[in-house]
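K.L.:
Same order as they appear, the protein sequences are chains A and B.
Mapped onto the numbering used here, the consecutive letters of the first sequence carry residue numbers 5 to 275.
Mapped onto the numbering used here, the consecutive letters of the second sequence carry residue numbers 326 to 815.
If you are wondering where the hints come from, they were derived from the structure by calculation, not from laboratory data.
Idealized CB from N, CA, C, for every residue including glycine.
Treat the hints with caution; some may be incorrect.
[As the list claims (entries may be wrong)] Okay, the calculated beta carbon distance ranges per label pair:
1. Ser540/B / Ser35/A: 27 to 33 Å
2. Asp111/A / Pro573/B: 57 to 63 Å
3. Val234/A / Ala759/B: 37 to 43 Å
4. Ser35/A / Gln446/B: 36 to 42 Å
5. Arg766/B / Leu28/A: 26 to 32 Å
6. Gln446/B / Gly245/A: 30 to 36 Å
7. Glu650/B / Pro33/A: 17 to 23 Å
8. Leu28/A / Glu650/B: 44 to 50 Å
9. Val443/B / Leu28/A: 55 to 61 Å
10. Val234/A / Arg770/B: 51 to 57 Å
11. His360/B / Gly245/A: 36 to 42 Å
12. Pro46/A / Lys496/B: 38 to 44 Å
[Claimed, not checked] Some chain A residues well away from chain B (every beta-carbon gap over 10 Å; in silico):
13. Leu24
14. Ala98
15. Phe129
16. Pro131
17. Ser154
18. Ser171
19. Gln217
20. Gln231
21. Met233
22. Ile236
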Amino acid sequence: MRLTLVLGAGLTAAFLGAALLSFLWTPEPVSGVNIAARLHPPDSVNLLGTDHFGRDILSMIMVGARTSLGVAVVAVAVGMGFGVPLGLWAAARAGGWLDEIIMRGNDLIFAFPSLVIAILITAVFGPGAVNAIIAIGIFNIPVFARLTRSGALSLWQRDFILAARVSGKSAPRISIEHILPNLTNLLIVQGTIQFSLGILAEAGLSYVGLGAQPPVPSWGRMLAEAQTMVAIAPHVAIVPGMAIVLMVLGLNLLGDGLRDALDPRLKDRVP
Amino acid sequence: MNRWTLGITTALALATAAQAQRTDVTIALQLEPPHLDPTSAAAGAIDSVLYANVFEGLTRFAPDGAVVPSLAESWDISDDGLTYTFHLHPGVTFHDGTAMDAGDVKFSLDRARAEDSVNAQKALFTDIAKVAATDPQTVTITLSRPNGALPFNLAWGDAVIVAPENIAEIKTAPIGTGPFVFDNWRQGDQITLTAYPDYWGTKPALTEATFKFISDPTAAFAAMMAHDIDAFAGFPAPENLPQFEADPRFQVLVGSTEGETILAMNNAQPPFDDIRVRQAVAHAINRQDVIDGAMFGLGTPIGTHFAPHNPDYVDLTAQSVYDPELSLRLLDEAGLADGFSTTLKLPPPSYARRGGEIIAAQLRAVGIRAEITNLEWAQWLEEVFRGRDFGLTIVSHTEPMDINIYARPDYYFQYDNPVFRDLMTTLDGTTDAAARSDLIRQAERIIADDYVNGYLFQLAFPTVADARLRGLWQDQPTQATDLTGVSWAE
């Protein structure tokens with residue numbers, strides 16, 4: 005259990021570090037094209053080889069991590085920013101018409117396959133990183149809204165909330181001062197999981213050409229462009245593929261580890 | 326002999342028999358036609374399926390680009406060069422069984438050149454003053470001025486003979502005079518053709534042909550490898566060709582095309598209205614890198630808008646040689662020492678998408694920041710070709726002998742030069758071959774001197790086919806997949 009957390013945190017930190025480092029330094033610039041050096045297999049100069057334009061793949065992965073993480077972070081922030089208040093509000097008015105409206109609205113968004121709608125949004129408003137963020141963010145809203153509402157509903161039955169109500173605190177104040185702090189663990193864990201789904205969604209959108217536009221490197225597009233070259237230069241496809249796998253694996257492990265570490269009920273059972 | 330052996334032997338015998346008698350073919354193309362009327366759209370994909378298969382004109386292009394008789398057996402030209410008399414082939418029928426006669430030719434040509442015609446190449450018909458059906462087998466075309474290129478113009482897919490009764494349905498159920506009858510179109514997937522039993526000419530060896538549309542390069546590779554298709558005309562992934570070449574099951578034909586691939590510049594939009602800026606762009610491009618990087622070496626560098634395999638081609642590549650230092654100096658002279666930002670709108674083919682990334686990087690090196698937007702074909706036609714809302718774009722002009730587009734100031738790159746226009750008018754009125762060559766060479770030089778566009782390379786046309794398939798066109802003198810000579814080797 006400890007191992008999951010360490011491994012997850014390690015992988016995530018490695019990619020995060022690479023993304024941050026890429027702002028200051030990459031082994032080679034990613035904007036340059038050097039056709040003479042294209043499709044070189046990994047060697048001591050280009051640790052992960054070069055792509056079909058002769059760009060250093062390690063540098064591309066580092067800058068691509070920035071795109072991936074950036075889109076996912078903002079998308080999760082959008083989901084939390086809208087979803088959590090909506091969930092708190094719905095829980096405070098549980099059973100009322102407002103609760104109904106919020107939750108049925110959430111069901112409406114949930115009813116659509118998220119990636120298909122994301123494709124629709126980017127197709128209508130044009131491809132690009134910003135539209136990808138909006139598309140992925142919208143589908144994070146109901147996830148957080150539902151989670152917050154169900155967590156908050158059980159908290160509203162607790163004695164300390166009753167005490168707060170008796171002392172005359174308003175519902176919004178109780179939601180912010182007493183309910184929200186008790187949901188933090190839940191939200192952190194869910195946030196990590198949504199974060200990994202966001203990475204996958206961004207890679208998927210870029211793969212079909214609707215994510216970040218060239219020349220901004222993106223893992224999904226690197227994978228798509230490498231597709232026809234698998235037979236002649238397999239590393240061009242394997243490297244971005246592995247980057248996506250490891251990043252998502254790392255975040256899922258981190259989410260699992262955090263849940264185990266933060267959940268008091270689970271903590272009791274561990275020797 | 327037990328039952329198993331018998332079964333296997335029978336199966337083998339059947340398989341061998343089936344192989345020897347094979348008369349069907351499945352050919353894949355990258356683009357699906359938007360509809361099936363070659364006389365009312367610019368989309369070359371229509372001709373790729375229908376030209377010479379379903380529709381025929383008075384003349385036609387042979388596989389080497391020569392103009393040869395088709396529905397017209399022969400023609401006479403009057404001494405003043407103004408009257409062409411075409412003698413039609415007797416016994417030609419449309420696929421609905423009705424006879425094709427001079428009246429149908431008059432109808433087709435009058436429809437194509439009419440005021441309200443939506444023909445994409447109306448310029449082909451501008452010199453025609455009158456089309457008359459002298460008798461059922463003779464058509465007389467009177468010109469307003471001599472035009473030596475008339476038989477060439479009539480060979481285009483835009484000048485094919487259509488049936489008047491079919492006009493209402495031509496976009497979905499075309500009827501022509503060719504060796505194949507349109508059978509069925511499963512939109513988004515395939516078009517099937519069957520042999521026409523009453524065809525007037527040499528009957529093709531095939532009885533059935535299927536055109537499949539596969540736009541994704543990876544899917545194209547997989548379909549070819551799995552033998553789902555027998556040939557892919559215009560294979561979209563040049564990086565996979567060496568693999569097919571090394572495989573004895575396949576043959577790879579790399580042919581030439583009429584496709585001049587250019588980095589088009591919006592000549593009416595600042596800063597591209599300044600010749601120094603256009604020249605700077607031209608010198609900032611490393612053609613060989615574009616050819617190697619985007620096409621894996623397939624393609625011939627060009628220095629003007631003309632096909633290198635044409636005898637009248639002048640090699641002007643030296644005039645726009647890769648020289649970033651010169652680009653920087655030119656930009657400095659034009660008052661753009663800090664560079665500038667522009668748009669680079671790219672249609673789907675890999676020459677544009679990959680070439681665009683390489684060119685954007687090369688332009689960045691001299692301070693020109695080209696923001697890439699990837700567009701689908703429909704969007705590209707709307708925004709760039711019709712809307713002229715672009716700074717730079719990459720596209721291949723696949724029409725034969727299309728240097729005259731530079732005489733159209735309203736054409737999407739908006740080049741406006743009266744000297745060039747006059748030259749084209751003179752060319753149209755010249756019938757002498759040597760004089761024509763001379764004028765064409767002058768035209769090539771003018772547009773190269775004016776750096777109208779960045780001239781990149783002549784598009785190559787790779788066809789991957791089953792090794793046993795014979796008679797496919799190697800070159801693309803016009804966009805076509807002529808099946809009349811295609812057969813299976815024994």
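K.L.:
Taking the closest pair, is the beta carbon of serine 171/A still more than 10 Å from chain B?
P.N.:
59 Å, holds
K.L.:
Would glutamine 231/A pass as off the interface with chain B, using Cβ distances and a cut of 10 Å?
P.N.:
Non-interface label fails for glutamine 231/A: nearest chain B Cβ at 5 Å, not farther than 10 Å.
K.L.:
Within 57 to 63 Å: is that where the Cβ-Cβ distance between aspartate 111/A and proline 573/B falls?
P.N.:
Taking Cβ atoms as reference, aspartate 111/A and proline 573/B lie about 59 Å apart, which means the hint holds.
K.L.:
For proline 131/A, is the shortest CB-to-CB distance to chain B above 10 Å, so the non-interface label stands?
P.N.:
7 Å, violated
K.L.:
Using the Cβ atoms, figure out if leucine 28/A sits within 44 to 50 Å of glutamate 650/B.
P.N.:
30 Å, violated
K.L.:
Would the non-interface assignment of methionine 233/A survive a Cβ cutoff of 10 Å against chain B?
P.N.:
The claim is violated: methionine 233/A sits with its nearest Cβ about 5 Å from chain B, within 10 Å.
K.L.:
Just want to verify: glutamine 217/A was marked as not at the interface with chain B; is every Cβ pair farther apart than 10 Å?
P.N.:
Since the minimum Cβ distance to chain B is about 6 Å, glutamine 217/A lies within 10 Å and the statement is violated.
K.L.:
Closest CB-CB distance from leucine 24/A to chain B, is it above 10 Å?
P.N.:
About 24 Å separates leucine 24/A from the closest Cβ of chain B, which puts it past 10 Å; holds.
K.L.:
Does the beta carbon distance between serine 35/A and glutamine 446/B stay inside 36 to 42 Å, or does it fall outside?
P.N.:
Distance hint for serine 35/A, glutamine 446/B holds at roughly 41 Å.
K.L.:
Holds or violated: is the Cβ of alanine 98/A farther than 10 Å from all Cβ atoms of chain B?
P.N.:
47 Å, holds
K.L.:
Would the non-interface assignment of phenylalanine 129/A survive a Cβ cutoff of 10 Å against chain B?
P.N.:
For phenylalanine 129/A, whose nearest Cβ neighbour in chain B is about 13 Å away, the distance exceeds 10 Å, so it holds.
K.L.:
For the pair valine 234/A and arginine 770/B, does the Cβ-Cβ distance stay inside 51 to 57 Å?
P.N.:
45 Å, violated
The structure is inconsistent with the numbered hints 3, 5, 6, 8, 10, 12, 16, 19, 20, 21 and 22, although it conforms to all the rest.
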